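Protein sequences appear in the order of chains A and B.
Once you know that position 76 of the first sequence is 76 in the numbering used here, the rest is easy, because the numbers rise by one and skip nothing.
Once you know that position 405 of the second sequence is 405 in the numbering used here, the rest is easy, because the numbers rise by one and skip nothing.
Note that these hints are calculated values from the structure, not bench results.
Among these hints, one or two may not hold up.
Below 30 Å or equal to it, Euclidean Cα-Cα: the simulated DSS-like pairs (lysine-lysine) are [what the hints assert, rightly or not]: (1) B/K224 <-> A/K249; (2) A/K481 <-> A/K131; (3) B/K224 <-> A/K274; (4) B/K418 <-> A/K322; (5) A/K297 <-> A/K339; (6) B/K231 <-> A/K249; (7) A/K322 <-> B/K224.
All figures in this text were calculated on a predicted structure; none of them were measured in a lab.
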Amino acid sequence: MKIKKNLLFICLFVVILLFTATSSARVTPTYAIVNCKIIPVTGSPIEKGIIIIRDGLIESLGPQGKISIPEDAEIIKAEGLFAYPGLIDAHTNLFLELPKEEPRRPGTRRTSAAEPRQKEKAQHPDLMAIKFLKPKKTAVADLHKIGITTVLVVPGRGIYSGQSVLLNVNGNKAAPMVIKTPVALHVNFTTARGTYPSSLMGTMAFLRQSFLDTEHYSSYKSQFAKSSRGLKRPEYNPFLEALSPYVVKKNPVFFNCANLEDIKRALGLIKEFKLNGFLTGSNEAWRVADLLIKNAKVPLLVSLNFKPPMTSIYVNQGEELKKKAEEEIYPANAANLHKKRLMFALTSQGLKKPSDIPKNVQKAIKAGLPKEEALKAMTIIPAKFLGVSSFLGSLEPGKIANIILTSGEIFDEKTRVERVFVDGISFEIKKPPKGEKPTKVNIAGKWSATVSSPMGELETILELEQDGNEISGSISSNMGKWEIIEGILSGNELALSIEATIMGETMDMTFSGTAENDSIEGTMAVMEWSMELKAKRIPEGEF
Amino acid sequence: MKKKTIGFILVVSLVIFSSFSFGQDLLIKNGTILTVTKGKILKGDILIIKGIIKQIEENIKGPKGIKIIDASGKFVIPGIIDSHTHIALSGTNENAEAITAEVKMRDVLNAEDRSIYTAISGGVTMVHTMHGSSNPIGGENIVIKTKWGKTSEEMIVHDAYRTLKFALGENPKRSNSPTLGTPRYPQSRMGVNAIIRREFLKAKNYMEQWDRYLKAKNSKKPAKNLIAPRKDLRMEQLADVLRGKMVARCHTYRADETLEFIKLSKEFGFKIACFEHASEAFKIARELAEEKIGISVFLDSWAYKVEASEGIAYSAGYCTKKGVLVSINSDSGERIRRLFNDAAKAMKYGGLSEEEALNLVTINPAIQLGVEKIAGSLEVGKHGDIAIFNEHPLSAYTLCEMTIIEGEVYFDRAQYLKEREEMEKKKKKEEKKKEKKGGTK
Numbered sequence: 001m002k003i004k005k006n007l008l009f010i011c012l013f014v015v016i017l018l019f020t021a022t023s024s025a026r027v028t029p030t031y032a033i034v035n036c037k038i039i040p041v042t043g044s045p046i047e048k049g050i051i052i053i054r055d056g057l058i059e060s061l062g063p064q065g066k067i068s069i070p071e072d073a074e075i076i077k078a079e080g081l082f083a084y085p086g087l088i089d090a091h092t093n094l095f096l097e098l099p100k101e102e103p104r105r106p107g108t109r110r111t112s113a114a115e116p117r118q119k120e121k122a123q124h125p126d127l128m129a130i131k132f133l134k135p136k137k138t139a140v141a142d143l144h145k146i147g148i149t150t151v152l153v154v155p156g157r158g159i160y161s162g163q164s165v166l167l168n169v170n171g172n173k174a175a176p177m178v179i180k181t182p183v184a185l186h187v188n189f190t191t192a193r194g195t196y197p198s199s200l201m202g203t204m205a206f207l208r209q210s211f212l213d214t215e216h217y218s219s220y221k222s223q224f225a226k227s228s229r230g231l232k233r234p235e236y237n238p239f240l241e242a243l244s245p246y247v248v249k250k251n252p253v254f255f256n257c258a259n260l261e262d263i264k265r266a267l268g269l270i271k272e273f274k275l276n277g278f279l280t281g282s283n284e285a286w287r288v289a290d291l292l293i294k295n296a297k298v299p300l301l302v303s304l305n306f307k308p309p310m311t312s313i314y315v316n317q318g319e320e321l322k323k324k325a326e327e328e329i330y331p332a333n334a335a336n337l338h339k340k341r342l343m344f345a346l347t348s349q350g351l352k353k354p355s356d357i358p359k360n361v362q363k364a365i366k367a368g369l370p371k372e373e374a375l376k377a378m379t380i381i382p383a384k385f386l387g388v389s390s391f392l393g394s395l396e397p398g399k400i401a402n403i404i405l406t407s408g409e410i411f412d413e414k415t416r417v418e419r420v421f422v423d424g425i426s427f428e429i430k431k432p433p434k435g436e437k438p439t440k441v442n443i444a445g446k447w448s449a450t451v452s453s454p455m456g457e458l459e460t461i462l463e464l465e466q467d468g469n470e471i472s473g474s475i476s477s478n479m480g481k482w483e484i485i486e487g488i489l490s491g492n493e494l495a496l497s498i499e500a501t502i503m504g505e506t507m508d509m510t511f512s513g514t515a516e517n518d519s520i521e522g523t524m525a526v527m528e529w530s531m532e533l534k535a536k537r538i539p540e541g542e543f
Numbered sequence: 001m002k003k004k005t006i007g008f009i010l011v012v013s014l015v016i017f018s019s020f021s022f023g024q025d026l027l028i029k030n031g032t033i034l035t036v037t038k039g040k041i042l043k044g045d046i047l048i049i050k051g052i053i054k055q056i057e058e059n060i061k062g063p064k065g066i067k068i069i070d071a072s073g074k075f076v077i078p079g080i081i082d083s084h085t086h087i088a089l090s091g092t093n094e095n096a097e098a099i100t101a102e103v104k105m106r107d108v109l110n111a112e113d114r115s116i117y118t119a120i121s122g123g124v125t126m127v128h129t130m131h132g133s134s135n136p137i138g139g140e141n142i143v144i145k146t147k148w149g150k151t152s153e154e155m156i157v158h159d160a161y162r163t164l165k166f167a168l169g170e171n172p173k174r175s176n177s178p179t180l181g182t183p184r185y186p187q188s189r190m191g192v193n194a195i196i197r198r199e200f201l202k203a204k205n206y207m208e209q210w211d212r213y214l215k216a217k218n219s220k221k222p223a224k225n226l227i228a229p230r231k232d233l234r235m236e237q238l239a240d241v242l243r244g245k246m247v248a249r250c251h252t253y254r255a256d257e258t259l260e261f262i263k264l265s266k267e268f269g270f271k272i273a274c275f276e277h278a279s280e281a282f283k284i285a286r287e288l289a290e291e292k293i294g295i296s297v298f299l300d301s302w303a304y305k306v307e308a309s310e311g312i313a314y315s316a317g318y319c320t321k322k323g324v325l326v327s328i329n330s331d332s333g334e335r336i337r338r339l340f341n342d343a344a345k346a347m348k349y350g351g352l353s354e355e356e357a358l359n360l361v362t363i364n365p366a367i368q369l370g371v372e373k374i375a376g377s378l379e380v381g382k383h384g385d386i387a388i389f390n391e392h393p394l395s396a397y398t399l400c401e402m403t404i405i406e407g408e409v410y411f412d413r414a415q416y417l418k419e420r421e422e423m424e425k426k427k428k429k430e431e432k433k434k435e436k437k438g439g440t441k
């Protein structure tokens, strides 16, 4: 009986899907953003300006009076707002869902005379980030909220962790976001855990040997292509194939540098094998600034993670010094690099959540990094490093319309991002509801909820977390687990917005109702359909 | 509490030292100088210019403005050299495989390892920091000076031998690591010997392959489709050992396996610079002396595992008298600060003279590392690497007061104690302040 009800439920959603399918085609209207202060980054600011967006590009921009507003443009009044180019985060692992690594079977350690090395299996330079993208609406919203419109998604596991993809965060579908793939090969000074190389020294030898092998493989192949007579056919090797574009054709190789010695290791390898190397992580970069000046051609992508590495002189010497390092010494990395006139991009590498990015940029600014340098380090500089500055990284006619409108100067503590345009698509940032009443109700915990629709009942489990008025969590049923994107509890009025995925399609659902400590009641709405929801708390320990 | 203060001082000294450049001028006055190779000067001076010893005499007048250290009543000796340790490294073993000649300690130097500071507090100025003993053939070791606060590159001693670590006995066959899971070949002493021989045979093949290729390439009519062989970093290292560009340093305990390894070296024609630990060396002292192979040992540690059961404290003294080049090593980031104590024990056990005992931690390890032209004794032309002791370095009551490398003071006990005291005072004041504040609330 229950199964039938669920079937009916699915039917309901199929009907809904039919409705949404027709409206999902993407239209990018023409916009005129008027009356805003424009900070183009590459040019001088315009106090009262107009930006015209058409077909996803910046058609024109300039001071009021000099730019005519097209008739078909939707006017966006931006009095008192600032317009900046969308921020670029050149190192994130957001949106990625990599398959779980197989646990090491006992017995794989054996190295006998007959057994060849298994290094190829342990590493995956051929892993393409683009194949594992699962963009979530919440993650997209989190990025927009802090003004990030472009991200380099980097696979993060292994010595060769794979190849990255550059995305313009213009929605929640992967393919339309892709700007460039693959962008770079990513190298970490880590180990293969349990198999060779199991130590840092082994990893260095492994990297050198694999670069040498790639060179040899590639020259053999080209020799064979030139004149094959009398030459044994080269055996196809997917591992070396994946490395070839980077070792031989000199596409970008990103070295993740966890400490100052890693920076030296990376620079050594870049020099030895004449690689087109980039340094990432590098939160100890200021400590080897002179060396970096000598290697000024190597692009530097500095992480906003201020945690001192384990090898640092500032850790293992008592909590006090460690704390000081994290709060004062490491946040000054960028400022120190700037003082040495080094060019760098700022990235979120190693940060737990996107909201840490503005916080840490503020810390870097407080430690002496000029604001405009911080802005460059997240716009035009990463654009240049990634080879996309001809169409991204600043506000200029003809470039992609990645624009953010903010309530004040960017990176100021009180500044809010009000609206972002990505590829000319407008995303309004929801304001946190004002005048909300403080709540005495606590609804954190597990709930058993029944959703009744004209077509049947659906049993669900609510898992809620509460932080003051803010509610987060998920709703799960046999149709899957749906995330609560936003939730507000005002007095005992509960409003949730839910991202539901049904048969591979995502759609917005809302809930509004009342909540008490032990009961929640209200209405779920999706499109023009509505359903009643009643929930009872599951006492702790049950379930 | 104390630990934190030490931390602050270490950081402060690190920052101060990093602002200097290579080699300094220094005049050490009125010390009792134990030159090691040129006898004793009761009251003498040492002049160091740009890091190099220029003069050792009585009453030297240095250039104007030179920094002077008064060593009246103190003992001035060459910086102590540790022939075998594992400090200043990020990792010790690449133990996923049995043969890992391709790994290099050069790649994993960690200039911020606090053991470096521990080392200079015991007068150590140079160390041979090595791959561990988990593999029959480990990796390439490196000789560094303990220049606390300098970068890892500045620490490297380029004049030293290139050395490759070998290991025999229990460690490479892993009899002491039952928790490591599945067994790895080799599992026996014969296996260890066999796998090393096999690798050298491979290396010979590898070299021949390259020779054939180079010969063909350089011939008058090179074949059209000539392709270079694959470059194999593991084989390259072993080839360098066979070519004499690198010497072997071999971890061993038992006399039988030690002799087997000597045979192996003769079979392939490579040079063994030194045997490590060699707790049964006294049984084969004649052979070692004949082959001119040194040993680097603990003075009085033995029986800490089965293969060390026959060790004796008299071995270092006995072997020295039989003509073996003996050094005493720490193999540790802690024992490294009291190598002079270990050297002194060789006078009690083994009956060495004062001079012979001091040799064990100065000139002998210098010869073993191939750096005797720049270090190991106080002579004009050598590096100004010096330790100053308050009493004779072999006295049980002695303390290292100052450690100098290339004319630069890296450790100054008085200064360190002063700073530590000040830090602690400051801290107590702050704590009191906090308490007061807390009280008024």
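Status of the hints after comparison with the structure:
| no. | hint | result |
| --- | --- | --- |
| 1 | B/K224 <-> A/K249 | 25 Å, holds |
| 2 | A/K481 <-> A/K131 | 22 Å, holds |
| 3 | B/K224 <-> A/K274 | 28 Å, holds |
| 4 | B/K418 <-> A/K322 | 24 Å, holds |
| 5 | A/K297 <-> A/K339 | 18 Å, holds |
| 6 | B/K231 <-> A/K249 | 20 Å, holds |
| 7 | A/K322 <-> B/K224 | 63 Å, violated |
Of the numbered hints listed earlier, the single one contradicted by the structure is hint 7.
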